[in-house]
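Based on the provided sequences and hints, a complete structural model is requested.
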Amino acid sequence: MEIFVHISDLALNAGEVSQMVQSPSCGAIDIFVGTVRNQTKGKAVVRLDFEAYKPMALKEMTKIAEQAAEKWPVDKIAIYHRVGSLDIGDIAVVIAVSTPHRQASFEACKYAIDTLKETVPIWKKEIFEDGEVWVAAHP
Amino acid sequence: MKINILAFGIARDILGESVLEFEWNGEPRVGKLKEELQRKFPKFTDLASLKIAVNEAYAKDELEIHEGDEVVIIPPVSGG
Numbered sequence: 000m001e002i003f004v005h006i007s008d009l010a011l012n013a014g015e016v017s018q019m020v021q022s023p024s025c026g027a028i029d030i031f032v033g034t035v036r037n038q039t040k041g042k043a044v045v046r047l048d049f050e051a052y053k054p055m056a057l058k059e060m061t062k063i064a065e066q067a068a069e070k071w072p073v074d075k076i077a078i079y080h081r082v083g084s085l086d087i088g089d090i091a092v093v094i095a096v097s098t099p100h101r102q103a104s105f106e107a108c109k110y111a112i113d114t115l116k117e118t119v120p121i122w123k124k125e126i127f128e129d130g131e132v133w134v135a136a137h138p
Numbered sequence: 000m001k002i003n004i005l006a007f008g009i010a011r012d013i014l015g016e017s018v019l020e021f022e023w024n025g026e027p028r029v030g031k032l033k034e035e036l037q038r039k040f041p042k043f044t045d046l047a048s049l050k051i052a053v054n055e056a057y058a059k060d061e062l063e064i065h066e067g068d069e070v071v072i073i074p075p076v077s078g079g
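Heads up: the protein sequence lines correspond to chains A and B, in order.
Each residue of the first sequence is one higher than the last, beginning at 0 in numbering that gives the first Met the number 0.
Each residue of the second sequence is one higher than the last, beginning at 0 in numbering that gives the first Met the number 0.
A couple of the hints might just be wrong.
To be verified - Computed footprint of chain B on chain A, listed as stretches where at least three residues anywhere in the stretch have a Cβ under 8 Å from a Cβ of chain B:
1. 45-57
2. 80-92
3. 104-118
4. 127-136
These are calculated hints, taken from the structure and not from any lab test.
Virtual Cβ for every residue (Gly too), placed ideally from N, Cα, C.
Below is the structure:
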């Protein structure tokens with residue numbers, strides 16, 4: 000089993016990340032690509048600013064990958080996250096998972112992105128024309 | 000005890016700085032630190048959650064903090 004985790008200041012390339020998890024023993028690669036949306040609750044978003052507590056974020060991303068490999072027959076998994084200032088359409092996160100058969104790759108990839116959103120110390124701020132807000136900060 | 004506390008996201012906005020030098024004579028446990036932070040900076044009580052990481056891992060309230068530990072305020076995360 001191989002794990003690749005990375006936090007990048009530079010643009011992410013989903014094709015490159017999916018190639019990293021290619022494996023001759025696997026018939027399935029599932030990829031999740033999270034991109035910057037142009038609105039939230041009907042309000043136009045100008046851009047998103049992401050920041051990470053990098054050393055811990057990498058540890059938590061590694062933990063997620065290890066947990067996914069315990070639950071499903073993961074051969075390789077890559078979790079890449081972008082930080083910095085992102086424009087509409089930019090890629091914020093790429094997760095790629097290879098498994099022998101497709102069902103496990105869907106489930107492992109979903110687990111990875113769902114858990115990342117809950118545990119990895121990365122924060123995003125939505126920038127609007129008339130203000131800004133840290134996403135999910137308040138109930 | 001003097002500890003340096005790092006803050007990210009909205010926690011940095013609430014403190015007004017990314018590193019807080021915190022002089023603290025109470026019981027050196029994570030739960031007590033949270034209470035102290037919420038008392039000194041009431042805006043922390045408005046957040047959906049407030050966690051503390053010690054040495055790059057989420058810390059339980061019972062964990063004892065030692066001088067030299069890396070202590071970080073973790074407001075609600077929103078990656079992805």
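Comparing the hints with the structure gives:
1. Given a C-beta distance limit of less than 8 Å, the hint that chain B covers the stretch 45-57 of chain A holds, as 7 residues qualify and 3 suffice.
2. With a threshold of 8 Å between beta carbons, the proposed coverage of the stretch 80-92 of chain A by chain B holds, since 3 of its residues qualify and at least three are required.
3. Look at the stretch 104-118 of chain A against chain B: 5 of its residues bring a Cβ nearer than 8 Å to a Cβ of that chain, three or more, so the hint holds.
4. Counting residues of the stretch 127-136 of chain A whose C-beta sits closer than 8 Å to any C-beta of chain B gives 4, which meets the bar of three, so the coverage hint holds.
The structure fails none of the hints (numbered hints given earlier).
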